[in-house]
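Participant: As a plain string of letters, each chain reads:
Number of protein chains: 2
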Amino acid sequence: MAIKHLSKDSVEPPKVPGSLRFYSMRFCPYAQRVQLVLNAKGMPHDTVFINLSEKPEWYLKIFPAGKVPALIYDDKFLSESLLLADFLDKQYPEPPLQPSSPLQTILDKLVIESFGKVGTAFYKLMMTTKEIEKNNFDELVASLIPIETELVERGTKFFGGNKPNLVDYMIWPWFERLDAINPYSNGTFVIPFEDKFPKLAEWKSLMIADKAVASYYITPEKHAEHFTKKKAGLPAYDI
Amino acid sequence: MAIKHLSKDSVEPPKVPGSLRFYSMRFCPYAQRVQLVLNAKGMPHDTVFINLSEKPEWYLKIFPAGKVPALIYDDKFLSESLLLADFLDKQYPEPPLQPSSPLQTILDKLVIESFGKVGTAFYKLMMTTKEIEKNNFDELVASLIPIETELVERGTKFFGGNKPNLVDYMIWPWFERLDAINPYSNGTFVIPFEDKFPKLAEWKSLMIADKAVASYYITPEKHAEHFTKKKAGLPAYDI
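Residue numbers (full-length UniProt numbering), protein chains in the order written: chain A, 1 to 239; chain B, 1 to 239.
The set of hints was computed from the structure by calculation and includes no laboratory data. Careful: at least some of the hints might be erroneous.
No distinction is drawn between identical chains; accordingly, a pair holds when it is met within one copy or between any pair of copies.
[Said to hold, decoys possible] Straight line, CA to CA, 30 Å or less: simulated DSSO-like cross-link-like pairs of lysine-lysine:
| id | residue 1 | residue 2 |
| --- | --- | --- |
| 1 | LYS90 | LYS117 |
| 2 | LYS55 | LYS117 |
| 3 | LYS204 | LYS130 |
| 4 | LYS211 | LYS4 |
| 5 | LYS90 | LYS76 |
| 6 | LYS90 | LYS41 |
| 7 | LYS15 | LYS67 |
| 8 | LYS61 | LYS196 |
| 9 | LYS204 | LYS76 |
| 10 | LYS163 | LYS117 |
| 11 | LYS199 | LYS76 |
| 12 | LYS117 | LYS61 |
| 13 | LYS222 | LYS196 |
| 14 | LYS157 | LYS76 |
| 15 | LYS90 | LYS157 |
| 16 | LYS117 | LYS230 |
| 17 | LYS199 | LYS61 |
| 18 | LYS8 | LYS117 |
| 19 | LYS124 | LYS67 |
| 20 | LYS8 | LYS229 |
| 21 | LYS196 | LYS76 |
As the structure is a prediction and not an experimental result, all values here were calculated from the model.
With the hints as constraints, model all of the structure from the sequences given.
Facilitator: Here you go:
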């Protein structure tokens, strides 16, 4: 299915009755978080993709910050990926994506919070220098150590146990993009998953096979192409 | 009761059985958020105040980020004010501080999230320039408009309705400090609550009378003194 992002001078498509209106961008990792929850819950949703470089006037009118992801629920405009994921999990309890214990819930949320360092290091690597720099790459690799340790300590296939839960889905979008470093750098830099992060390597294979993840998966080559164009100041959103 | 913050070369005090270990700093608005929830819940807690300029080695060992607030629960180290508040509310359900509807819960969390702008504007006003600058003051006043509007639209005394809830407690610490602008600037700058934000003015009086808030309240003069010393590079924590 062709994906077209709406830009300036567009008109908001009419809402589909019985379906959640979801504002997204195909290459946004934060929007992907919410998409994965919608997929896992099997929630009917009707996606409007937003061109973040040429934001539609009608979108800025309903959301001056102009960010994605966002949802309309019961005529209320809702944003923030982690809050949206939490909301969807509570509003549509099956399958549950969070532990029932408050203690395990905060421990999970702290893992997601601490994962922010990986996201920051990845962005620094890909977007702030002309070419990939070795020290930034090393920093990114180092940021993965606590995540590997966490999964080893949990002793389960997924952070959620036998199945992915919110931790798995909230961090996944960056793992999909980590594999883009290889094609993006023409093979010069490759995250040593098998050697240094064997548990995460296994987890990645399982995640790619997960239905919610698989149906929205983009190849490393395609991600690399998006990053290259974005850095050149010509971001390409449509697929 | 005298409050003494622990510094370098200190030893962590033994934990008190049956009491939550709470790491705090007397003038930290984020720590105050958690303190207010502990107060509202009537939870026995044993506070260790941390000198954030001369952090104890033992604290950096258990929490390299060295931040407050933090709690120990069931031997787990927990941090992040909003996550801690959410955890305490779920772990100790009485009195409930969050709505039962997932939709109202995310709407409340989005209000707290959007309040971040007030915090940023306040910090900019107080800490980034030698004297208070008019444009920063105007920016801070403008940032309060959506909060006043939100309370007017809710049509209730508190954001939580007839009683304070997490929204009230999570934003309160900054309102306590907003009144410090007056003594801090020797009366040159005063937030025009009565004129421009009548609903928030009323809410402030009710909040100061709330038991959870009252028992941890610090006067504007005392806050102003703390800011003055902090800016001079000589932060004073003890009371």
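Participant: All the hints need checking, so say for each whether the structure fits it.
Facilitator: Evaluation of the provided hints:
Taking CA atoms no more than 30 Å apart as the test, LYS90 paired with LYS117 passes in both settings, with 27 Å inside one copy and 27 Å between copies. Within a single copy, LYS55 and LYS117 get their C-alpha atoms as close as 28 Å, and across copies as close as 23 Å, so both meet the 30 Å cut-off. Within a single copy, LYS204 and LYS130 get their C-alpha atoms as close as 29 Å, which meets the 30 Å cut-off; across copies the closest is 51 Å, which misses it. In the homo-oligomer, the alpha carbons of LYS211 and LYS4 lie at most 30 Å apart inside one protomer (24 Å), although the nearest pairing across protomers, at 55 Å, exceeds that limit.
With identical chains, the CA atoms of LYS90 and LYS76 are at most 30 Å apart both within one copy (16 Å) and between copies (25 Å). In the homo-oligomer, the alpha carbons of LYS90 and LYS41 lie at most 30 Å apart both inside one protomer (11 Å) and across protomers (24 Å), since each shortest distance falls under that limit. Taking the shortest alpha-carbon separations for LYS15 and LYS67, only the intra-copy value of 19 Å comes in at or below 30 Å, while the best inter-copy value is 45 Å. Taking identical chains as interchangeable, the C-alpha atoms of LYS61 and LYS196 lie at most 30 Å apart only when they sit on different chains, with a minimum of 25 Å there against 47 Å within one chain.
Taking the closest pair of Cα atoms, LYS204 and LYS76 come within 30 Å of each other only across two copies (28 Å); inside a single copy the shortest separation is 35 Å, beyond that limit. For the homomeric pair LYS163 and LYS117, the shortest alpha-carbon distance inside one copy (25 Å) is at most 30 Å, but the shortest distance between copies (38 Å) is not. When the C-alpha separation of LYS199 and LYS76 is checked against a cutoff of 30 Å, the pair qualifies only between copies, where the shortest distance is 23 Å, while the shortest distance within a copy is 41 Å. Within a single copy, LYS117 and LYS61 get their C-alpha atoms only as close as 33 Å, which misses the 30 Å cut-off; across copies the closest is 20 Å, which meets it.
For the identical chains of this complex, LYS222 and LYS196 are intra-copy neighbours only, at 25 Å inside a copy versus 52 Å across copies, given an alpha-carbon limit of 30 Å. Taking identical chains as interchangeable, the C-alpha atoms of LYS157 and LYS76 lie at most 30 Å apart only when they sit on different chains, with a minimum of 22 Å there against 37 Å within one chain. For the homomeric pair LYS90 and LYS157, the shortest alpha-carbon distances inside one copy (24 Å) and between copies (28 Å) are both at most 30 Å. For a Cα distance limit of 30 Å, the shortest separation of LYS117 from LYS230 qualifies both inside one copy, at 22 Å, and across copies, at 29 Å.
Proximity of LYS199 to LYS61 under the C-alpha cut-off of 30 Å is restricted to the inter-copy arrangement: shortest distance 27 Å between copies versus 45 Å within a copy. In this homomeric assembly, LYS8 and LYS117 come within 30 Å of each other (Cα to Cα) only across copies, at 27 Å, whereas the closest approach inside a single copy is 34 Å. Proximity of LYS124 and LYS67 under a CA criterion of 30 Å is satisfied in both settings, with 20 Å inside one chain copy and 24 Å between copies. Proximity of LYS8 and LYS229 under a CA criterion of 30 Å is satisfied intra-copy only: 20 Å inside one chain copy versus 50 Å between copies.
Taking CA atoms no more than 30 Å apart as the test, LYS196 paired with LYS76 passes between copies only; the shortest distance there is 27 Å, against 45 Å inside one copy.
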